[in-house]
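Given the coordinates of chain A, work out where chain B with the ligands should sit on it, guided by the hints.
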Amino acid sequence: MIKFLAKGLIRDRSRSLFPLLAIVITVTLVIFGIGFMEGAMNNFLQSTAVISSGHVKVVTKAYEKESNQLPNDLALFETDKIIRTLYNMYPNYFWSPRITFGGLLDVPNENGETKEQAPVFGIGIDFFSEKSRQAEIWELEKYLISGHLLKDRDDALISLKLAEQLNVNIGSAITLISSTMDNAFTTYNFNVVGTFNLNKGQADRQMILVDISGVRQALDMEDAASEIFGYHNSLYYDDEDAVRIRSDFNLTYSDSIEQMLRNEESYNALSYMAGWNKISNAEKRKLPKQRTDALSDNQMYDNIDEWEDLSVEDPAIFSPKMIALRDSSQLASMVDFSNVAMSVMAAIFLVIVMVVLWNMGLMNGLRRYGEFGLRLAIGESKGQVYRSMIIEAVIIGFVGTLLGTILGVSLTYYVQEFGIDYSEAINQMSSEMVLPNVFYAKVTSELYYIGFIPGVLATVLGTMLAGLAIYKREMSQLFKELEA
Amino acid sequence: MENKNVINIKNLVKQFPVGGNYFTALQNIDLKLSEGEFIGLVGPSGSGKTTLLNIIGGLDSATEGSVSVLGNSMDNTSHNERAIIRRKHMGFIFQSYNLLPVYTVYENVELPLVLNNMEKAEREKKVTQAVEWVGLKDKINSKPADMSGGECQRTAIARAIVHEPALLLADEPTANLDAENSHNIMKILSKLNSEISTSFVFATHDEKIMGYLRRIIHLEDGKIINDEKISNPKST
Ligand SMILES: Nc1ncnc2c1ncn2[C@@H]1O[C@H](COP(=O)(O)OP(=O)(O)OP(=O)(O)O)[C@@H](O)[C@H]1O
Ligand SMILES: [Mg+2]
Chain A
1 MIKFLAKGLI
11 RDRSRSLFPL
21 LAIVITVTLV
31 IFGIGFMEGA
41 MNNFLQSTAV
51 ISSGHVKVVT
61 KAYEKESNQL
71 PNDLALFETD
81 KIIRTLYNMY
91 PNYFWSPRIT
101 FGGLLDVPNE
111 NGETKEQAPV
121 FGIGIDFFSE
131 KSRQAEIWEL
141 EKYLISGHLL
151 KDRDDALISL
161 KLAEQLNVNI
171 GSAITLISST
181 MDNAFTTYNF
191 NVVGTFNLNK
201 GQADRQMILV
211 DISGVRQALD
221 MEDAASEIFG
231 YHNSLYYDDE
241 DAVRIRSDFN
251 LTYSDSIEQM
261 LRNEESYNAL
271 SYMAGWNKIS
281 NAEKRKLPKQ
291 RTDALSDNQM
301 YDNIDEWEDL
311 SVEDPAIFSP
321 KMIALRDSSQ
331 LASMVDFSNV
341 AMSVMAAIFL
351 VIVMVVLWNM
361 GLMNGLRRYG
371 EFGLRLAIGE
381 SKGQVYRSMI
391 IEAVIIGFVG
401 TLLGTILGVS
411 LTYYVQEFGI
421 DYSEAINQMS
431 SEMVLPNVFY
441 AKVTSELYYI
451 GFIPGVLATV
461 LGTMLAGLAI
471 YKREMSQLFK
481 ELEA
Chain B
1 MENKNVINIK
11 NLVKQFPVGG
21 NYFTALQNID
31 LKLSEGEFIG
41 LVGPSGSGKT
51 TLLNIIGGLD
61 SATEGSVSVL
71 GNSMDNTSHN
81 ERAIIRRKHM
91 GFIFQSYNLL
101 PVYTVYENVE
111 LPLVLNNMEK
121 AEREKKVTQA
131 VEWVGLKDKI
141 NSKPADMSGG
151 ECQRTAIARA
161 IVHEPALLLA
171 DEPTANLDAE
181 NSHNIMKILS
191 KLNSEISTSF
201 VFATHDEKIM
211 GYLRRIIHLE
221 DGKIINDEKI
231 SNPKST
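Residue numbers (our numbering), protein chains in the order written: chain A, 1 to 484; chain B, 1 to 236.
The following block holds chain A by itself, in its conformation from the complex (with noise of 0.2 angstroms):
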C-alpha cells in the first residue's frame, strides 16, 4: 500500500511538487526574511559597537562611574595580561585595548606659537595590530575625506569639522595638551595624515583619531588602556552571550580581588596591611601610582580602625569589571526594541506563512474527498485513509522544509559574507543619514529550525483538519461530494 500511495504522490503534481514548491519557497522566505532582519538589526547596533561600547567592554570599576569625564587615571593596568586572559576565558570574541582622551589641541605657527586651539576628544585604537581587528571593523577608508589611513605611531586623523575649525592642512603637526594617568601635564606632537567624516551629526566635531601606541606614549599609558573592547568574532551582537559573559567575568574575574580582601582568610592580611609595605607587590600595582605613593609615604594608616576608613574607597574599585553593549542605558532599550522588533516581525511573518500552508494543506484534502470516499467503499477504513494522508503531508512538509531550509540558509549565509550592497541607493537618499552602505544577513541557530513550524506543523495540521471530515461525516455524505 505505502508503494501504492508513494506512486501517486509522486505521479500527481498537484498533491506532491506544488505543495512542496509552495513550502520550499515560503520556508525560504521565513528563513532568508528572519535572517535578514537579524542582520539589519544587528547593523543598527554595530556602529554604536564599533565607536563606544563594544559588543562588551572591560574598564576599572572607578572608571566606569565616571566615564564621561575619561578619567585615565582611573585606568587599567597591565591590559596585556588581561587581554591574555580574555581571549582565555571567551575564545568567541576578540579584544582590543582603547584610550580615549580629553585636552586642548594646539596648532602652532612657523614660529612655534599658538595659532589655534580647541578642546578635543581624542580616541586611541590599535590599529596596527591584526588580532585586534580594529582596522577592518571600522571601515575608515570609507569615512575618508583626504590624506590617507594611520601608518604610523604620531600619524593623527582629524574629523573634517575640527580640521576646518583649526585651519589645519594634511602634514600639519598638531600638538595634543593633556595629562598623564598620573595626573603630570604633558604635550605631545601628532601628525595630520586625514581628515575624515563619521556622518554622525555633531557626533566628531571635535574629534581625533590616532593609533594606541602615540597615546600611550603622549599620555604615560604604557600597558594601560581606558578600556579593552571585546566583539565577537562574527562581528553579531548576540546580546545574550554578551550578557552571560559579562556576568561571567563579573563573578569570577573582577570580585576576585574584593573577595580576598573581605573573606575569612584575608582579614588577617588586612590587619598587617597597616603596614603597607606588607602587601604584595601584585596587589600594589592594580592601585594607581600616585595612590601607592601617597600610602607609602603617609605613616597615618598604622591601625586597623584607620584602614578600614581608607577602604571606604575600596581598592576594588580598580579591579576590572566587564559592561555588555545593552548595559549602557540608551542601548538597553534599543537592544530590547530591535529584540521585540524581530520577535514580533517574526512571529506575523510566520502567521502569515502559516496560514498559506495551513490552508494549502485543507484544501489539498477536500480535493482529495473522492479519493478518500472511494478508499474507503472500497474497504480501507477511515483511520488507515486519514492516516495515509498525514504521513503524506508529513513528508512533504519535511521535504519540503528541509530544501527550504537548506536553501533559505545558504542564501542568508551568502548575503552574512558578501552583503548586500546599498550604497547606490543610500546615496540617492540624504547624505547625512546614518546608514551603513552594506546590509548583511546573519545566521543564527534558530534559522535551522524555524521553518520546521509553518512548514511541517501548518501543513500538517491543515491536512489533519481537512482528514477529521473523514470522521465527522457519514461515509455516504463524503461520497455526495465526490459524485458531484
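Calculated from the structure, these hints are not laboratory results.
The C-beta atom is built at its ideal place from N, Cα and C for all residues, glycine as well.
Where hints are given, some of them may not hold.
[Unchecked claim] Straight-line distance between alpha carbons at most 20 angstroms, and here's what the computed EDC-like set of lysine to aspartate or glutamate pairs gives: (1) B:K4 <-> B:D30; (2) A:K3 <-> B:E122; (3) A:K61 <-> A:D223; (4) B:K126 <-> B:E195; (5) A:K61 <-> A:D238; (6) A:K382 <-> B:E81; (7) B:K139 <-> B:E124; (8) B:K143 <-> A:E371; (9) B:K191 <-> B:E180; (10) A:K472 <-> B:D75; (11) A:K382 <-> B:E119; (12) A:K3 <-> B:E119; (13) A:K7 <-> B:D146; (14) A:K131 <-> A:D152; (15) A:K7 <-> B:E119; (16) A:K81 <-> A:D220; (17) A:K3 <-> B:E124; (18) B:K4 <-> B:E37; (19) B:K143 <-> A:D12; (20) A:K142 <-> A:D155; (21) A:K472 <-> B:E81; (22) A:K7 <-> B:E124.
[Stated by the list, open to error] Examples of chain B residues lying across from chain A (beta carbon under 7 angstroms, computed): (23) K4; (24) H79; (25) N80; (26) R87; (27) F92; (28) N98; (29) L100; (30) V102; (31) P112; (32) V114; (33) L115; (34) G211.
For chain B with the ligands alone, kept in the frame of chain A given last:
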C-alpha cells in the same frame, strides 16, 4: 436447493436530520436477496435508491430495523469491521466511475487486491484476468484521462469484481453512458453473474437496462411499492 440469504433487511427506516426535523428517506423496507440474484432498485429520483444501496454497503447505517449482509449484522458492527467486509466481500460501481486519475487501468484494478494484502504474483494474475473480462487488455497501461466513458466504466467493473466479491453494488452504472456502451456493460455484468456466484444489486432508472434484470424492486418515496420477478430476462 435452499438459497442462502445474501441480504436480509427487516423493517428498515432511514431518517436524515434536516434542520431541526427529520426527513424520512426510507421506511418499512423488507428485502431478502439470495445468492446469485441479479436485481434492480428502480424508482424516480429521490425515491431512496442510493440511500438503500449505501446502507447495504455499510457506508451508511439504518435508523431503525435490522440489516444483515452476507451473514453479518450491519447494525452492530464497527466502521472498521464494515470496512473489512467491504474489502473482502463487496464490490462497488458508481455512476461517475471514480477511478483514481493518477493510476493506470492496471493499478486502479489492483487496488482492492493491494488492500487485501495479496501476493504480487497472484495480484498480477487476477488483475490481468479481470481486465480481459471487461475487454480492456490493450488499455491496461492507460490512464483514465485517456479513455472513453465506457472504457472507464469497464475499468471500474474490473476493479469491482477483481477480488471476486460475494456482492456487487452498482449505483446507476450506465447513467453517463450512451445506449451502446450501456448494453455492453450490462452484457458483461450479466455474463459475470452467470459465471461466478456473485449477487448483483443495481440502483437505476435507466429503461435501457431494465431488460437485463431478473428481479425489479420498485421504490417510491422511500417505500417498496412492487417486487417483480422477470421470467425471461435478456442475456448474453
Ligand atoms: N444526507 C442526507 N441528508 C438529508 N437528506 C438526504 C441525505 N441523503 C439523501 N437524502 C434525501 O433522501 C432522499 C433519497 O435520496 P437518494 O439519494 O437515495 O435518492 P435516489 O433514489 O438515489 O435519487 P437519484 O435517482 O436522484 O439518485 C432524497 O429526497 C434526498 O434528498
Ligand atoms: Mg442516487
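Hints, verified against the model:
Of the pairs offered as hints, the one joining B:K4 and B:D30 holds, with about 16 angstroms between alpha carbons and a cut-off of 20 angstroms not exceeded. For the proposed pair A:K3 and B:E122, the alpha carbon gap of about 17 angstroms is at most 20 angstroms, so the pair holds. Restraint check: the Cα-Cα separation between A:K61 and A:D223 comes to about 18 angstroms, which is no more than 20 angstroms; the hinted pair holds. For the given pair, B:K126 sits about 15 angstroms from B:E195 by alpha-carbon distance, which is consistent with the 20 angstroms threshold.
Distance hint between A:K61 and A:D238 is unfulfilled; the C-alpha atoms sit about 24 angstroms from each other, more than 20 angstroms. Proposed proximity of A:K382 and B:E81 is supported: the alpha carbons are some 11 angstroms apart, at most 20 angstroms. In summary, the hint linking B:K139 to B:E124 is supported, as the alpha carbons are separated by about 15 angstroms, within the 20 angstroms threshold. For the proposed pair B:K143 and A:E371, the alpha carbon gap of about 15 angstroms is at most 20 angstroms, so the pair holds.
Distance check on the hinted pair: B:K191 and B:E180 sit about 17 angstroms apart at the alpha-carbon level, within 20 angstroms; holds. With a CA separation close to 19 angstroms, the supplied pair A:K472 and B:D75 stays within the 20 angstroms bound. Between A:K382 and B:E119, the direct Cα distance comes to roughly 24 angstroms. Violation of the 20 angstroms bound is thereby established for this hinted pair. Using a Cα cut-off of 20 angstroms, the hinted pair A:K3 and B:E119 holds, with the two alpha carbons roughly 14 angstroms apart.
Using a Cα cut-off of 20 angstroms, the hinted pair A:K7 and B:D146 holds, with the two alpha carbons roughly 19 angstroms apart. About 18 angstroms separates the Cα atoms of A:K131 and A:D152, which keeps this hinted pair within 20 angstroms; it holds. Distance hint between A:K7 and B:E119 is fulfilled; the C-alpha atoms sit about 18 angstroms from each other, no more than 20 angstroms. Among the hinted pairs, A:K81 with A:D220 is consistent with the structure: their alpha-carbon atoms are about 18 angstroms apart, no more than 20 angstroms.
For a cut-off of 20 angstroms, the pair hint linking A:K3 to B:E124 stands: about 15 angstroms separates their Cα positions. Distance restraint check for B:K4 and B:E37: the Cα-Cα separation of roughly 11 angstroms lies within the 20 angstroms cut-off, and the hinted pair is therefore satisfied. Taken as a hint, the B:K143 and A:D12 pair is honoured in the structure, with Cα atoms around 12 angstroms apart against an allowance of 20 angstroms. For a cut-off of 20 angstroms, the pair hint linking A:K142 to A:D155 stands: about 18 angstroms separates their Cα positions.
As the CA atoms of A:K472 and B:E81 are separated by approximately 18 angstroms, the hinted pair is consistent with the 20 angstroms bound. Between the alpha carbons of A:K7 and B:E124 the distance comes to roughly 17 angstroms, so the proposed pair stays at or under 20 angstroms and holds. The criterion of a C-beta within 7 angstroms of any C-beta in chain A is not met by B:K4, whose closest approach is roughly 22 angstroms, and the hint is violated. Among the interface hints, the one on B:H79 holds; its C-beta lies about 6 angstroms from the nearest C-beta in chain A, closer than the 7 angstroms criterion.
The criterion of a C-beta within 7 angstroms of any C-beta in chain A is met by B:N80, whose closest approach is roughly 5 angstroms, and the hint holds. A hinted interface residue such as B:R87 counts as satisfied when its beta carbon comes closer than 7 angstroms to some beta carbon of chain A; here the least separation is about 2 angstroms, so the hint holds. Interface hint at B:F92: satisfied, since its Cβ lies 5 angstroms from the closest Cβ of chain A, which is below the 7 angstroms cut-off. Given hint, B:N98 at the interface with chain A, holds; its Cβ is 5 angstroms from that chain's nearest Cβ, closer than 7 angstroms.
Interface restraint check: B:L100 against chain A, minimum CB-CB distance 6 angstroms, threshold 7 angstroms, status holds. This hint holds: B:V102 has a C-beta 4 angstroms from the nearest C-beta of chain A, less than the 7 angstroms allowed. Taken as an interface hint, B:P112 checks out: its beta carbon lies about 5 angstroms from the nearest beta carbon of chain A, inside 7 angstroms. The beta carbon of B:V114 comes within 5 angstroms of a beta carbon in chain A, closer than 7 angstroms, and the hint placing it at the interface holds.
Checking B:L115 against chain A: minimum C-beta separation of about 6 angstroms stays under 7 angstroms; hint holds. A distance limit of 7 angstroms between C-beta atoms decides the matter here; for B:G211 the minimum to chain A is near 26 angstroms, and the interface restraint is violated.
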